[in-house]
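Each protein sequence line maps, in turn, to chains A and B.
The first sequence runs 1489 to 2259 under the numbering used here.
The second sequence runs 52 to 243 under the numbering used here.
Hint data in this document are derived by calculation from the structure and do not stem from the laboratory.
Since we're looking at a predicted model, the values are computed, not measured.
Don't take every hint at face value.
To be verified - List of simulated lysine to any residue pairs, SDA-like, C-alpha gap at most 20 Å:
{"#": "1", "chain 1": "B", "residue 1": "K75", "chain 2": "A", "residue 2": "S1633"}
{"#": "2", "chain 1": "B", "residue 1": "K83", "chain 2": "A", "residue 2": "S1703"}
{"#": "3", "chain 1": "A", "residue 1": "K2222", "chain 2": "B", "residue 2": "R231"}
{"#": "4", "chain 1": "A", "residue 1": "K1855", "chain 2": "B", "residue 2": "R192"}
{"#": "5", "chain 1": "A", "residue 1": "K2103", "chain 2": "A", "residue 2": "L2047"}
{"#": "6", "chain 1": "A", "residue 1": "K1837", "chain 2": "B", "residue 2": "V63"}
{"#": "7", "chain 1": "A", "residue 1": "K2050", "chain 2": "A", "residue 2": "L2040"}
{"#": "8", "chain 1": "B", "residue 1": "K75", "chain 2": "B", "residue 2": "E93"}
{"#": "9", "chain 1": "B", "residue 1": "K240", "chain 2": "A", "residue 2": "K2222"}
Unchecked claim - Take a look, some chain B residues computed to stay more than 10 Å from chain A by CB distance:
{"#": "10", "residue": "Q58"}
{"#": "11", "residue": "L59"}
{"#": "12", "residue": "K83"}
{"#": "13", "residue": "L88"}
{"#": "14", "residue": "L89"}
{"#": "15", "residue": "D92"}
{"#": "16", "residue": "K94"}
{"#": "17", "residue": "D95"}
{"#": "18", "residue": "R100"}
{"#": "19", "residue": "P102"}
{"#": "20", "residue": "R105"}
{"#": "21", "residue": "T108"}
{"#": "22", "residue": "S134"}
{"#": "23", "residue": "G170"}
{"#": "24", "residue": "N221"}
{"#": "25", "residue": "S238"}
Stated by the list, open to error - In silico contact screen, one side only, chain B against chain A (beta carbon under 7 Å); selected entries:
{"#": "26", "residue": "A86"}
{"#": "27", "residue": "L107"}
{"#": "28", "residue": "I214"}
Note that CB positions come from ideal geometry on N, CA and C, so glycine has one too.
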Amino acid sequence: MAYSVNICQMDSSSESDFESIGECGPGLDTFELFGKAAASTQGHMRGDTPDGEQMTSLQRHHWSAATLKVLSAMPSRTAGMNSAAVIPRRGRESSQPQRHQASSCSPHPSRTIQDDLEEADMEESSTEENKKQQLVLVLRGLSASEAMRKLRATPLSLGAKMDVRRLAFSAVAESSLMSRNIPCYRRLSLYISRTWRHCQFSCLPVLTSIQLWHSPMKRLSGRFGTGVLSYFLFIRTLLHFNLLLFIIFGLFLVFPQAVNPPPPPPPPPHGSHLDTFTGLELLTGMGYISQSVMFYGYYSNTILKTCEPESPGCDKPRTMPYSIPAAYFFTIAIAFFIICIILVYSISKSFGRSLQVLKSNGNLAVKVFCSWDFKVSKNTSVKLQSEKISTQLKELLSEMIRGEDKKSCMHRLGRVMVHLIAWTTCLACICMGAMAVHFLSETAINQRPFKEMELLLLSAVVSGFNLLLPGFFNLCAWLENHDSPSVRVYVSIFRNLLLKVSIVGVLCFRWLGRIAVEPESHDLQCWESFVGQELYRLLLMDFVFTVLYTILGEFLWRLFSKKILKRNRMPVFDIARNVLELIYGQTLTWLGVLFAPLLPAVQIIKLFVLFYMKKSSLMLNCQASKKPWRASQMTTLFISLLCFPSFLGAAVSVTYTIWTIKPSSNCGPFRNLTTMFQSGQLWAQELENAHPILSWLSWAYNALLENPLFLFLASGVFLLVIYFHTQVIDGQRKVVSRLEKQIENEGKDKKFLITNLQALYERSGLVSPHR
Amino acid sequence: MGTTTSQLGKDVLSEYQELTFLTKQEILLAHKRFAELLTKDEKDLPNIRVPVQRILTLPELKSNPFRRRICYVFSTSEHKDGSLTFEDFLDLLSAFSDSATLEIKSHYAFRIFDFDDDGTLDGGDLEQLVNCLTGETDDTRLTPEEMRQLISNVSSILEESDIDKDGTVNLSEFQHVISRSPDFVSSFKIVL
């Protein structure tokens, strides 16, 4: 056993670097402590009164060796090693005495201590075996899968786990299980569960290995940390949503219609651009593409009948009817319903993770224990992280020392004025932006027919506002100079959100309030296709502008600032702004999927390209942020923003369109109906006529969904459930605070008992330095 | 129990899968990376133990300020020198993996932060912890005054987390603090 001179000083002004800190051997210094404490107990007072220091703690008193041994074998001290009957790997350490506060470590422990420790060692190894046996017994009592789960979650070393497993599930036990007289179905179910487990183990890795973008994300998190990683995880989440939409629509809508193309429409009166194919078509969505399966106008309102392959010539086609209008309606409804469920589920999971039920009376401890991100591996990023944590700690400490900043009245008034000015400017900008879009839209509407360039101009103006105004908001926030960084983030997110909501609102008014209501006055044969094209253009323009901004804003700015301004500071990746742009794009997709069923495919391609572009831009141009970023709370916020303004708004406008707006009479699957909703009703009616047993379905619908009483009852029940849960949480909070008081009292008991134990030892003369 | 490091047997692989939180792919990748750390004549020995200096050349651990403590905590060697066998290495990766439970992670985090290995976090442990967190340069390191305030003052770490007021933070109190932070699980991760 090698004893090294202790380098781990309590005095923090010593110049110890990391190496020596890490090398502080396993309680080697405590051997010296043992000796010193043993030597110093003679004639020392009993320590039941605090010696005037700030905290009475068990470590500040000079206990005898026996007391120290008892102290260190306390269950709460050895819980770390012995939880769930864990075998302590370093048995000796658990019997080490508590480290003394002011000890300078003296070397040369006496021989007797070594004997002591060997004795302790043997004790520990025998208890090791006991604990292993205990664990084996516990595991045998559980079912196989539960036992494996428990064993996996036990903090043991792998070798020890394998021993335990061998003992608990020995081959003898297994074969005896099979040869025993168990009923057939039990044996079969055992066999099935075993093969299922094998399948799981072999299939699951395949599923996780095809997880998209695993290694690029690892590189990013290694360099930039968890905050930036959450942005890319969000991209992946949106990609999954769009993939789901694309599959649903593709399977049930696009594929049947593509396989049975409708007859081509008559050519429009004024000359057609349908034959020419320039690159501009892809951008504007007009011309050739407008008559493809991409847009609403292509879909027929017929019932497709397919031929059976056996009957030659198909002169008597067997009807396997596939009604396109009903399919369109139900696909939209079901797709939105599924996405709603998925979003609500992920919000609740996210909330559950990030909500802090218990009152946190300060977050110093949390910051110190939980803020180190172990994923970060690059040297410069590690240094940056250390800087970040150090700054945060220093700020928190200085706040605590200083107390509340006693600002003078004038100062406070000045701050209020600055905030007011910043807010009014931002709101004014938002209003001006919305009005500009509205004005442009109205002039375009009043001027018929529509010119392509003007429509492109509208999309470009919208994307321009979305790009430039957030930069302006950032400038305002920098001038305002908020005290707390999280307030700054929330304020900027709110302003951004307001901007996008107002612009999308103006556009919705344009489509649903102006164009859809009187399509003939704008010479539109098919207003739904037109709206679909607008959304397609907006999506593409947004993408083009993002690409331009990434190239110009980040790449060129970095070159400019390095060469001309000679500054080495690279721009920081603005996570909030980029995530809001993603949410905006997704809102457009959801709005447009009714009018252009292949829009999710466009969004998928866009997200793919965006991922790689942002990743390379990040690696080249940006540096990790110095500001703290609470990743999981922000993720919760983003998912809930995705649900509440974004998805809800899209769902409301789609519902409004389906329920009230009259579809155009020349194109699309809802050609001759008053509303799109009617197609669903007609289909249900036909079904009822064909199969009268399903009449209860329509009765149920009429009685439940269209009856307001049922809705009132349902909301009443929900409110009751929510109230009940809040009361439960309240009660749990109270229980927690009572338990904390109780633990504090138990701590006092512990101190009392230990001091009296010490007194007892001394009084009865059992204390000696060699025990 | 021992495996020749040339390849992993199938039953050994499935046993590892059942007993750790790692997937098959992760175990095979770990095997590959571990084999890269061995010298040529070590490759044939079963159950070889790699010294701590070589483990610390792994890029995932190289710059981590807690690297030595991590190696030390997961090591099963009798000399307590931080050397790791392949199974210790798997233990390490399993505790730091995506699917490890909060209890496992908080348990090992506690042991890593317990610099003097006495089963609790006292003032000395906390001070070393903060020094590891804040880095080595002089302007990031906390002054002694700040350190004292952080650790033992009225509104400090010990005050917040020590519920039974014995001057140290034991495992249950540590886990109680950890449960207040939703970010812990995602930041206590190392992926090969």
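Is it correct that the beta-carbon of B:L89 has no partner in chain A closer than or equal to 10 Å? The assertion about B:L89 holds, with a minimum of 19 Å to chain A.
Mind verifying the non-interface call on B:D95? Its CB should be farther than 10 Å from each CB in chain A. 21 Å, holds
Run the C-beta distances from B:S134 to all of chain A and say if the shortest one exceeds 10 Å. 13 Å, holds
Hinted pair B:K75 and A:S1633, Cα distance within 20 Å: 18 Å, holds
Is it correct that the beta-carbon of B:G170 has no partner in chain A closer than or equal to 10 Å? Per Cβ check, B:G170 is inside 10 Å of chain A; nearest 4 Å; violated.
Check the non-interface label on B:Q58: least C-beta distance to chain A beyond 10 Å or not. 17 Å, holds
Is A:K2050 close enough to A:L2040, meaning Cα to Cα at most 20 Å? 14 Å, holds
Distance restraint between A:K1837 and B:V63, which requires alpha-carbon spacing of 20 Å or less: The given pair, whose Cα atoms are some 36 Å apart, is violated under the 20 Å limit.
If I take the minimum Cβ distance from B:S238 to any residue of chain A, is it greater than 10 Å? The assertion about B:S238 is violated, with a minimum of 4 Å to chain A.
Does A:K2222 pair with B:R231 here, judged by a C-alpha cut-off of 20 Å? At roughly 17 Å apart (the allowed maximum being 20 Å), B:R231 and A:K2222 satisfy the hint.
CA of B:K240 to CA of A:K2222, is that 20 Å or under? 34 Å, violated
Interface hint check: B:A86, Cβ to nearest Cβ on chain A, cutoff 7 Å. Holds or violated? 17 Å, violated
Consistency note: the structure conflicts with the earlier hints numbered 6, 8, 9, 23, 24, 25, 26, 27.
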